[in-house]
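Visitor: Residues per chain are reported as follows:
Number of protein chains: 2
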Amino acid sequence: MVKVNGFSFVARSAGIRKSGKPDLGLIFSTVPARCAGVFTTNKVQAAPVLVTAPRIAAGECQAVLVNSGNANACTGEVGMQDALRCGQLAAKSLGIDEQLVAVSSTGVIGHPLPMPLLEKTIPGMSEGLSETAVDDVANAMMTTDSFAKVASRQAGDSAPYTILGVAKGAGMIHPNMATMLSFVMTDACVDQHFLQQALRQAVEGSFNIITVDRDTSTNDMVLVLANGESKTPEIVADSAEGQEFAELLRGVLLDLAKMIVRDGEGATKLVHVCVNGAADDGDARKVAYNVATSNLVKTAFFGEDANWGRIIAAVGYSEAQVDPSRIAIFFDGVPVVQKGLGTGPELEAQATDVLKQAEFSVTIDLGLGDGRGEYYTSDLTYEYVKINADYRT
Amino acid sequence: MVKVNGFSFVARSAGIRKSGKPDLGLIFSTVPARCAGVFTTNKVQAAPVLVTAPRIAAGECQAVLVNSGNANACTGEVGMQDALRCGQLAAKSLGIDEQLVAVSSTGVIGHPLPMPLLEKTIPGMSEGLSETAVDDVANAMMTTDSFAKVASRQAGDSAPYTILGVAKGAGMIHPNMATMLSFVMTDACVDQHFLQQALRQAVEGSFNIITVDRDTSTNDMVLVLANGESKTPEIVADSAEGQEFAELLRGVLLDLAKMIVRDGEGATKLVHVCVNGAADDGDARKVAYNVATSNLVKTAFFGEDANWGRIIAAVGYSEAQVDPSRIAIFFDGVPVVQKGLGTGPELEAQATDVLKQAEFSVTIDLGLGDGRGEYYTSDLTYEYVKINADYRT
Chain A
0 MVKVNGFSFV ARSAGIRKSG KPDLGLIFST VPARCAGVFT TNKVQAAPVL
50 VTAPRIAAGE CQAVLVNSGN ANACTGEVGM QDALRCGQLA AKSLGIDEQL
100 VAVSSTGVIG HPLPMPLLEK TIPGMSEGLS ETAVDDVANA MMTTDSFAKV
150 ASRQAGDSAP YTILGVAKGA GMIHPNMATM LSFVMTDACV DQHFLQQALR
200 QAVEGSFNII TVDRDTSTND MVLVLANGES KTPEIVADSA EGQEFAELLR
250 GVLLDLAKMI VRDGEGATKL VHVCVNGAAD DGDARKVAYN VATSNLVKTA
300 FFGEDANWGR IIAAVGYSEA QVDPSRIAIF FDGVPVVQKG LGTGPELEAQ
350 ATDVLKQAEF SVTIDLGLGD GRGEYYTSDL TYEYVKINAD YRT
Chain B
0 MVKVNGFSFV ARSAGIRKSG KPDLGLIFST VPARCAGVFT TNKVQAAPVL
50 VTAPRIAAGE CQAVLVNSGN ANACTGEVGM QDALRCGQLA AKSLGIDEQL
100 VAVSSTGVIG HPLPMPLLEK TIPGMSEGLS ETAVDDVANA MMTTDSFAKV
150 ASRQAGDSAP YTILGVAKGA GMIHPNMATM LSFVMTDACV DQHFLQQALR
200 QAVEGSFNII TVDRDTSTND MVLVLANGES KTPEIVADSA EGQEFAELLR
250 GVLLDLAKMI VRDGEGATKL VHVCVNGAAD DGDARKVAYN VATSNLVKTA
300 FFGEDANWGR IIAAVGYSEA QVDPSRIAIF FDGVPVVQKG LGTGPELEAQ
350 ATDVLKQAEF SVTIDLGLGD GRGEYYTSDL TYEYVKINAD YRT
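Chains as they are written, first to last, in numbering that gives the first Met the number 0: chain A, 0 to 392; chain B, 0 to 392.
It should be emphasised that the hints constitute simulated quantities derived from the structure, not laboratory data.
All values derive from a computational prediction rather than experimental measurement.
It cannot be assumed that every hint is accurate.
Since the list gives no way to pick out one identical chain from another, each pair is judged satisfied if it fits inside one copy or across any two copies.
[Claimed, not checked] Derived DSS-like pairs (lysine-lysine); straight-line CA-CA distance at most 25 Å:
1) K385 with K355
2) K338 with K42
3) K285 with K257
4) K20 with K119
Please model the entire structure based on the sequences and the hints provided.
Guide: Written out as structure tokens, the structure is:
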């Protein structure tokens with residue numbers, strides 16, 4: 000069980016979810032932590048986002064309260080009051096300033112929070128705090144997730160610290176609106192400005208290669224809290240330590256991001272789409288995005304069909320510079336297309352074996368330049384349709 | 000049975016499709032027709048597109064040969080030779096110049112056409128031409144389509160002519176790469192330049208509101224042939240007759256486009272997404288597109304769930320100007336959101352009844368300006384996944 004100095008956790012079943020599953024989690028740091036956040040770019044923002052974003056921008060945070068079962072989105076002024084009230088209840092229970100509490104919600108949109116349940120449950124939560132209960136919080140954040148998502152990294156012996164993250168999210172097929180929440184705790188001491196910069200960068204190389212900025216839900220939120228309780232020297236930008244911290248942070252977020260794809264609603268496969276040889280990185284990313292989000296490509300993955308025709312067509316309708324006669328496509332190492340033409344039935348049969356795996360890569364070489372981009376995606380399955388057709392009913 | 004003066008049709012089972020279904024169609028005009036075309040914008044273009052586009056641009060066409068079962072795409076130089084050869088065979092059989100033959104293909108990508116079958120079948124086709132066999136051609140164009148798509152309009156008594164169209168296409172869920180073909184025959188006499196302009200406009204208001212430019216397959220093609228055999232006066236731009244022709248042409252294409260959505264792979268519902276009150280038409284179209292292509296919205300339609308939360312979130316992540324507190328959403332006439340807030344369980348129950356219908360509209364009013372846009376979409380179902388996972392195997 001990974002612990003992080005100064006952090007403790009607790010979860011409860013408040014009854015927001017009718018199933019009676021845990022639906023309320025609390026993360027607490029014994030001292031105020033420096034913090035950074037990345038929030039949804041959706042123009043429709045849920046009340047907890049509106050309440051929390053300015054608090055994080057102020058630079059210090061000591062607790063995160065998260066509920067599942069209700070997004071507190073599209074709930075108007077009542078929703079704002081409810082989000083503030085939840086923060087107050089947590090602050091009072093913990094004996095801290097309410098401005099140091101981040102609040103976060105995920106679940107159905109358009110229904111007010113069941114405040115009587117929260118009024119009853121939040122006040123007693125601080126009593127249950129435990130430094131080993133991070134899994135409970137990860138569990139309480141779940142909506143259609145099929146497993147709790149926790150990842151961590153440790154820094155080396157000379158100045159040891161830990162980065163521990165939890166996340167929630169599963170609807171990444173086309174990533175519209177499937178709320179993604181992630182909270183990262185570290186006992187490192189990190190310069191505030193660098194912390195925000197490192198988080199932004201880490202999100203770009205993790206959550207943003209399973210989703211894209213515009214495809215955000217009303218509630219998306221990634222927070223990092225650095226409380227300095229490792230008592231190691233302050234980590235600043237443009238240093239070896241800063242570089243190491245940034246890499247470890249990205250490692251935690253990428254682990255969580257891959258778990259989200261693997262847990263994509265109904266998904267049975269994790270596919271790494273890599274694009275090389277593009278005119279530039281932007282082009283590479285566009286191509287990777289188009290391939291990774293094509294329903295026809297994703298259903299072919301589910302059908303374990305090495306259908307490179309669908310891939311090459313998705314490459315072609317991207318806005319990237321493309322010369323069809325230079326395209327090469329590989330499933331893991333197996334070339335199925337060279338110079339824009341199929342390589343024949345024998346290699347296609349080998350590629351079909353690759354597709355039978357639970358994890359594989361599709362590499363597309365455009366043969367034009369040095370641009371690179373990547374994306375993680377899953378297959379599109381019967382189960383996806385079932386989950387999303389039945390979600391509210 | 001709608002007939003168009005001077006046009007005749009024939010279809011055959013050449014054996015390209017292993018099922019033995021008809022897979023080869025021929026459309027013939029007794030005289031060379033003025034023509035116009037809209038072709039895929041995909042950077043990867045199939046051989047028949049490369050062969051046909053310049054012929055149509057030359058302004059005259061007398062025959063269209065179409066096959067299903069094989070797209071002749073990503074087939075390199077061999078594919079080009081095969082496409083040219085098919086045109087030659089048809090031209091010879093019909094006794095016309097090969098430059099007057101358009102060729103078109105749909106089906107799997109990356110396999111050469113089975114030329115021996117085509118060499119054997121095409122030469123005898125002209126013998127079977129019949130002016131009442133348009134349905135046979137529509138039938139021979141089908142791939143995953145579940146029904147043949149034919150629509151027509153007649154112009155008024157003073158100068159009567161007919162517009163008759165066929166189309167193929169069914170994979171419009173996210174419209175990536177699902178080839179869309181349409182051929183329109185009219186005996187009107189139409190100015191060549193105006194014909195191209197009217198076609199472009201009609202496509203914008205029909206096929207392009209079920210798909211978008213970038214989401215084109217390697218093979219997409221819409222052709223119109225106007226042979227003048229109605230012997231009515233030439234129709235030119237900026238005239239009442241031109242206006243009428245443009246409207247009738249759009250009517251035919253919109254009928255065909257709706258059939259394509261209704262036949263969307265596995266689709267059970269046809270949904271008209273209307274956006275009003277946007278800052279401008281471009282914004283309205285962006286919002287309509289985002290809502291119409293959201294997998295989560297579409298699975299909610301399948302689940303007959305009036306889940307306006309998913310709709311409002313899709314509105315929010317569009318790039319359009321949005322003020323959440325002004326959004327209104329209606330299912331047919333039933334308001335489920337006013338000023339960004341839900342209207343309560345009673346109206347939501349009424350909306351759920353609307354969703355039980357096979358056809359309904361979702362109207363989104365952004366409350367900002369006069370911008371309008373629309374889109375037709377379908378639901379996302381188990382059957383979609385099944386069809387696309389199994390398509391090649």
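Visitor: Hint by hint, say whether it matches the structure.
Guide: Status of each hint after checking the structure:
no.	hint	in the structure
1	K385 with K355	both (23 Å within a copy, 17 Å between copies)
2	K338 with K42	between (43 Å within a copy, 15 Å between copies)
3	K285 with K257	within (20 Å within a copy, 30 Å between copies)
4	K20 with K119	within (16 Å within a copy, 67 Å between copies)
Checked against the numbered hints given earlier, this structure breaks none of them.
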